[in-house]
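**Student:** Letter by letter, the chains look like this.
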Amino acid sequence: MLPMITEFINYGQQTIRAARYIGQGFMITLSHANRLPVTIQYPYEKLITSERFRGRIHFEFDKCIACEVCVRVCPIDLPVVDWKLETDIRKKRLLNYSIDFGICIFCGNCVEYCPTNCLSMTEEYELSTYDRHELNYNQIALGRLPMSVIDDYTIRTISNLPQIKNE
Amino acid sequence: MIIDTTEIETINSFSKLESLKEVYGIIWMLFPILTLVLGITIGVLVIVWLEREISAGIQQRIGPEYAGPLGILQALADGTKLLLKENLIPSTGDTRLFSIGPSIAVISIFLSYSVIPFGDHLVLADLSIGVFFWIAISSIAPVGLLMSGYGSNNKYSFLGGLRAAAQSISYEIPLALCVLSISLRVIRLSNSLSTVDIVEAQSKYGFWGWNLWRQPIGFIVFLISSLAECERLPFDLPEAEEELVAGYQTEYSGIKFGLFYIASYLNLLVSSLFVTVLYLGGWNLSIPYIFVPELFGINKRGKVFGTLIGIFITLAKTYLFLFIPIATRWTLPRLRMDQLLNLGWKFLLPISLGNLLLTTSSQLLSL
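First to last, the sequence lines map onto chains A and B.
Mapping the first sequence onto full-length UniProt numbering, position 21 (from 1) lands on 21, and the numbers just tick up by one.
Mapping the second sequence onto full-length UniProt numbering, position 313 (from 1) lands on 313, and the numbers just tick up by one.
For reference, chain A alone in the conformation it holds in the complex:
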C-alpha cells in the first residue's frame, strides 16, 4: 500500500513540475508579444550595410596592371583577365576583365591582395536576374558604382544596430 502512495505522490509532483515548465514557456512566449517587430519591410525599407559589408566587387579598369594576383588568390580562380604584352613599351595592356557573380563567393581575397587597389567591395547585394549569364560582369559593369541606400529617397533606411530605428 505504501509504495503505491509514494508512487502517486511522485506522479503528482511530476505533473505539477510539467505544468510549471509549460507555464514558464508561456511566460516567455507572452513576453515576446509586446516587443517591437524586428523585421524590415524590404522593398520599402532597407538596412544600412556595415562598413565591412562584402557586396558586389567594384573594379577600376585604369588602375589594373594585369598582374593576375586576384586570379591566384581566388579560391576558384574566378576573375578572367585578358591582356596583351605590348612589346614597344614592355608592359602588359589589359583588354578585358570579368567576374561571374553567379560563382563568386564574395570572400574578398582579390580585394585584399590587389597591389594597386583597383578592386573594392561595394554595398550592393541585389544581384538577382532572370538569366544566370547576366551575372557575368565585364569591366564596364564592374566599374559601375551602386547607388547608396542612404541617398535613395524612395527607401526608408534602417541602421543595423539592434532596437534603434531611424525615423
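Rather than coming from a laboratory, the hints here were simulated on the basis of the structure.
The reader is advised that the hints may include incorrect statements.
[Claimed, not checked] If you want the ones that stay clear, here's a sample from chain B, every Cβ over 12 Å from chain A, calculated:
1. Lys85
2. Thr92
3. Phe110
4. Leu180
5. Ile187
6. Ser253
7. Ile351
[As the list claims (entries may be wrong)] Below, a list of computed lysine to aspartate or glutamate pairs in the DMTMM-like style, where the Cα atoms sit at most 25 Å apart:
8. B:Lys346 - A:Glu134
9. A:Lys46 - B:Glu53
10. A:Lys63 - A:Glu7
11. A:Lys92 - A:Asp82
Computed from a prediction, not measured in an experiment: that's the story for all the values here.
C-beta atoms are modelled at their ideal positions from N, C-alpha and C, and glycine is treated no differently.
For chain A, the structure is supplied; the task is to place chain B on it using the hints.
**Tutor:** Showing chain B alone in chain A's frame:
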C-alpha cells in the same frame, strides 16, 4: 361557362398559392442554414487573420498588412489563389476516395455547428442530446482523413491518415467524459442534454456560475483533448512536416488542399465555441447583478438588441479563448507518437474518469 372558368382560375390561384407557400417554406427553412454557413465562413476568415497576426506578434513580425485594412482579406486572397490552382489527382491512387475525403471532413464539421447556441435560444437544431451529437459527428471527420490518406496511394499520406484516426479516437474518450461530467448537472436540473440548457444552467451568479469553476480539471482535460482533436500544434502529428512531408495532405493541391485548411480552422472554431458553451457561460453577459433580458426585455426592438448582444458575447468569449490555442502553438514543441498516446490513455483518460467520479459523487450527495 363563365362561372366554370372563374372556378378554374380560383382553383389555379389556390394551387399556385399552395406551391408558393411551399417554396416560401423551403426558403424559410434554408435561410437560417445559409446564414449560419455564411457566418461560420466569415468566422473562419477572422480566425485565420487572428492566428496570423498573433503568431506575428509572438515572433516579433508584423504579419499580413497589405490585403485589405490590416490584412483582414489575406485569407480570402489565399483561398482565391488555391481555387485558381491546378487540381492534381494521383494517377495510381483511388480517385473516388481521394475526392470524397476532404469534403467528408468539412461537411461533418459543418454539421456540428447546428447544435451551437449563438444567442438566447438562437440555435439551428435544439436537440435534446445536444453536445453528444457533436461528439458523435466529430468522429466522422477522421474517416474522411483516413479516406484521403488511403486514396492518395502514398506511404506518408497513409501514415498521416492512420495517425489522424488513432489520435482522434484516443482523444475522443476524455472529451466525451468531460462533457458527460458537465451534463450530469444539466440532466438533474432540466432533464435534457441540450446545449441551450447547459448554458441556462450556468446563468446564475454571473461570472461565478461558469462551469469553469465547477469543473476546473474537466476544463483542462477538455482544452488538451480539443487541441488534439483539432490537430493543433503540440498534437499535429498527422501532418508533421519533418516526418511525414504533410501527412494526409501531401498529394493534395488546389481547393481540395484548401478544404483541409478550412476543415482544421472550422474544427478549431467549433471546439472554441463549445468551450464557450460548456465552460464559459455561453451568451450570458456573466457580470453579476447585471441581467441583459431585464435591460432590454419588454419591447420587440429590445429583444432583437438583446439577441445581437448575446451573439456578440458568445463570439467575444470564443475569440478571446482562441488566444490560448494560438499561443500554445508557438510555445509547446510537438509530441512524439508514443508520448501522444501515453498522454491520452495514461493521463487524460484516468483523470477525466476521476473527474467524472468526483462529479457523480458530489451530485449524489447534493441530492
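**Student:** Against this structure, judge whether each hint is valid.
**Tutor:** Results of checking the hints against the structure:
For Lys85 (chain B), the requirement that its beta carbon stay farther than 12 Å from each beta carbon of chain A is met, with the minimum near 23 Å. Separation of Thr92 (chain B) from chain A is adequate, the least Cβ-Cβ distance of about 36 Å exceeding the 12 Å criterion. At roughly 32 Å from the closest C-beta of chain A, the C-beta of Phe110 (chain B) stays outside 12 Å, upholding its exclusion from the interface. Non-interface call for Leu180 (chain B) relative to chain A: holds, since the shortest CB-CB distance, roughly 23 Å, exceeds 12 Å.
Separation of Ile187 (chain B) from chain A is adequate, the least Cβ-Cβ distance of about 31 Å exceeding the 12 Å criterion. Every beta carbon of chain A lies more than 12 Å from that of Ser253 (chain B), the smallest distance being close to 26 Å; the non-interface claim holds. With a closest Cβ-Cβ approach of about 9 Å to chain A, Ile351 (chain B) is found to fall inside the 12 Å limit, against its non-interface label. As the CA atoms of Lys346 (chain B) and Glu134 (chain A) are separated by approximately 63 Å, the hinted pair breaks the 25 Å bound.
Under the criterion of a C-alpha separation no larger than 25 Å, the hint pairing Lys46 (chain A) with Glu53 (chain B) is consistent with the structure, at around 23 Å. A distance of roughly 82 Å separates the Cα atoms of Lys63 (chain A) and Glu7 (chain A); the hinted pair therefore is violated under the 25 Å criterion. Only pairs whose Cα atoms come within 25 Å are accepted, and Lys92 (chain A) paired with Asp82 (chain A) is accepted, the gap being roughly 10 Å.
When the structure is compared with the earlier hints, violations turn up for hints 7, 8 and 10 and for no others.
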